[in-house]
Amino acid sequence: MTHAIFPLAFANDDIRLLTAIVLGFLFGFSLERGGFGNARKLAAQFYLYDMAVFKVMFTAIIVALVGLFTLANLGWVDLDMLYINPTFMWAQVVGGFLLGIGFLMSGLCPGTSVVSSASGRWDGFMAFLGITFGALVFMLAVQWVPGLEALYHAGSMGTVLLSDVLHVSPLVVALAVVVMAALGFIGAEKVEHIFQRKYGMVELTRPQRPTGKFVLVGAVALVAIVGLGLPTGPTTLPPARVASLAPLALAQDIIEGRPGLLILDLRSGAAADGGRIPHAYPATDPETASRLLASVPEDGTVVLVDDDGKDVTVPPAWPRTLHYAYLEKGFQGWKQDVLTPASPGSTLEEKQWAAWHDQITAFFTGTAVAASDVPPPPPLRAGAKKKKKKGSGC
Amino acid sequence: MSTQTKEPKEVRGPRPYWNPYLAGTLLGLTLLATFLVAGQGLGGSSMPKRAITVASQKVAPAWTAAHPVMGGYVANGQNPLHNWIVVEVVGVFLGGFIGAVSAGRFKVGVEKGPRISVRGRLKFAFWGGTIMGFAASLSRGCTSGQALSGGATLALGSWVYMMMVFAGGYAVAYFLRRQWI
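Protein sequences, first through last, are from chains A and B.
If you read the first sequence in my numbering, its first letter stands for residue 1, the second for the next number, and so on.
If you read the second sequence in my numbering, its first letter stands for residue 395, the second for the next number, and so on.
Please note: incorrect hints may appear among the correct ones.
[To be verified] Quick list of simulated restraints, FRET-style, between CB atoms:
hint, chain 1, residue 1, chain 2, residue 2, range
1, B, Arg572, A, Leu18, 39 to 47 Å
2, A, Val172, B, Arg572, 42 to 50 Å
3, A, Gly275, B, Ala565, 35 to 43 Å
4, A, His193, B, Val495, 30 to 38 Å
5, A, Pro315, B, Lys517, 17 to 25 Å
[To be verified] If you want the ones that stay clear, here's a sample from chain A, every Cβ over 10 Å from chain B, calculated:
hint, residue
6, Arg40
7, Gln45
8, Gly67
9, Gly75
10, Leu82
11, Asn85
12, Gly102
13, Met126
14, Glu149
15, Tyr152
16, Val242
17, Ile255
18, Gly333
19, Leu339
20, Glu349
21, Glu350
[To be verified] Here are a few chain A residues that sit away from chain B, every Cβ distance over 12 Å (derived from the structure):
hint, residue
22, Ala52
23, Trp122
24, Leu266
25, Ala272
26, Asp285
27, Ala342
No lab work stands behind these hints: they were computed from the structure.
As the structure is a computational prediction, the values presented were derived from the model and not from experiment.
Backbone N, C-alpha and C fix where the C-beta goes; we use that ideal spot for every residue, glycine too.
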């Protein structure tokens, strides 16, 4: 899918962040209009007399789901560029159940607590404070409560879609979700009436008008047309993006002890006899690799080292939350660039560079170098030194 | 009714909520646009986590950098708040505020069932929020980031998560009914 237009690429991160204000505004506005700024209306879902939570949520899922996979099927969206929540099965099972309990207690969820606060409700504000406090508790507990960090990583499966598990096209699953949601909507309308009478509670939404049903029928028809009209082959995730990393840049990362860095040596035993990069873990079988990957924090970087840096690919099962890079020219490149001293240059700049290079070489080969008479130059990682950006106004 | 003591819009009362299918359609289009524009879904619980990271960085920078969760937010010298979801949540607040005001629904007060005191309701809101903040950190997302956004991408774990949220809510609904009905 090389001609995909979406997701959009932005000239810089600040412009991308600007879109967050607009889309966040629409998010908050539609939540408010749906009644999600009102804790009573949200809690009513669990007492069955107003099921707006289910109706709004599943309508939204259907619209986005059908739109997304239809556009992906047309080749307009590159799903590989899209962030898709990786599966951490046990963390999600436990976290989901706990969040459901908290949802019923506060009557709000994290997003709607913001809307409720914005509507002037103190309970929304208290829920938001509680969420912040709860996140703090987690951040402390994950360090000191035994087993919690293991649970945080438990059931890691990487990016897995329902369609991967069911071995069908995502559009078929989309169609099934639409049909099930439609049946759910019909059921919800009936259930609401029964429980409104039972509790004597009033539905917090105005009575249904036919427009809702037309939207629904339209959506079903659209999916049916799209689902039948498009080829539905087996879907596999496209390979993860792998950036390249120069040996010297990696050397500097190791020296600086960059956090979240994992170096995996993919070479088999015989090839690795020529030595390994310090801090590199041998990862020749999938189980070892996935165990090591689970130790990398989110947004961490995994550097893959093979012999020559050609054709390095990331297996589809590896989590897409991590950044992957391959070592340029592989271990050969490491030997050439890092373990071999630089040839002394003639200009001052070249001399400085050679001195810097020799210090790195000395670090990894253990040979002492004479103190340099030229001052150490600034770090040379081209473009890798990120400027700290200012906060985004919150 | 004496219109002298009340503002005119108070007399008319808040406008009704939208038809849920209409609100859901707008929400779904917003989510779709988010995927297409930003390459990710919507979220709600990142902001507290990242705000805590900023505070933690001030207090214990080394501990924060080595933290299994927060370390990722500060890796490579990033600013934890320089993040799409954080800015989006500011937008959510603005959208919620404009939405409430324009529908005549902005009202300083507390939403609660008829059988619970205001103080009791606020306590429940806070401790329920605490559980949610803990849970959303554990599962890497909340109803917005996991159930809604992950659900729309058909992510397996997000669908399991969504079912578990409903299961958790229904499991305790009976015992906490005094708060709501």
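Status of the hints after comparison with the structure:
1. B:Arg572 with A:Leu18: 39 to 47 Å: With a Cβ separation near 46 Å, Arg572 of chain B and Leu18 of chain A satisfy 39 to 47 Å, so the hint holds.
2. A:Val172 with B:Arg572: 42 to 50 Å: holds, 45 Å
3. A:Gly275 with B:Ala565: 35 to 43 Å: Because 56 Å falls outside the window, the suggested range is violated.
4. A:His193 with B:Val495: 30 to 38 Å: About 32 Å separates the Cβ atoms of His193 of chain A and Val495 of chain B, which means 30 to 38 Å holds.
5. A:Pro315 with B:Lys517: 17 to 25 Å: violated, 49 Å
6. Arg40: With a cut-off of 10 Å, Arg40 of chain A comes too close to chain B, as the shortest Cβ separation is near 5 Å.
7. Gln45: The claim is violated: Gln45 of chain A sits with its nearest Cβ about 7 Å from chain B, within 10 Å.
8. Gly67: violated, 4 Å
9. Gly75: holds, 14 Å
10. Leu82: Answer for Leu82 of chain A: violated, closest chain B Cβ roughly 5 Å.
11. Asn85: Answer for Asn85 of chain A: violated, closest chain B Cβ roughly 4 Å.
12. Gly102: violated, 3 Å
13. Met126: For Met126 of chain A, whose nearest Cβ neighbour in chain B is about 4 Å away, the distance does not exceed 10 Å, so it is violated.
14. Glu149: violated, 6 Å
15. Tyr152: Tyr152 of chain A is in fact no farther than 10 Å from some Cβ atom of chain B, at 6 Å.
16. Val242: holds, 18 Å
17. Ile255: Given a closest Cβ separation of 15 Å, the condition holds.
18. Gly333: holds, 22 Å
19. Leu339: For Leu339 of chain A, whose nearest Cβ neighbour in chain B is about 26 Å away, the distance exceeds 10 Å, so it holds.
20. Glu349: holds, 26 Å
21. Glu350: holds, 29 Å
22. Ala52: At roughly 5 Å from the nearest Cβ of chain B, Ala52 of chain A sits no farther out than 12 Å, so the non-interface label is violated.
23. Trp122: violated, 5 Å
24. Leu266: The claim stands: Leu266 of chain A keeps its Cβ more than 12 Å from every Cβ of chain B (closest is about 23 Å).
25. Ala272: holds, 28 Å
26. Asp285: holds, 24 Å
27. Ala342: About 26 Å separates Ala342 of chain A from the closest Cβ of chain B, which puts it past 12 Å; holds.
Hints 3, 5, 6, 7, 8, 10, 11, 12, 13, 14, 15, 22 and 23, counting from the list given before, are not met by this structure.
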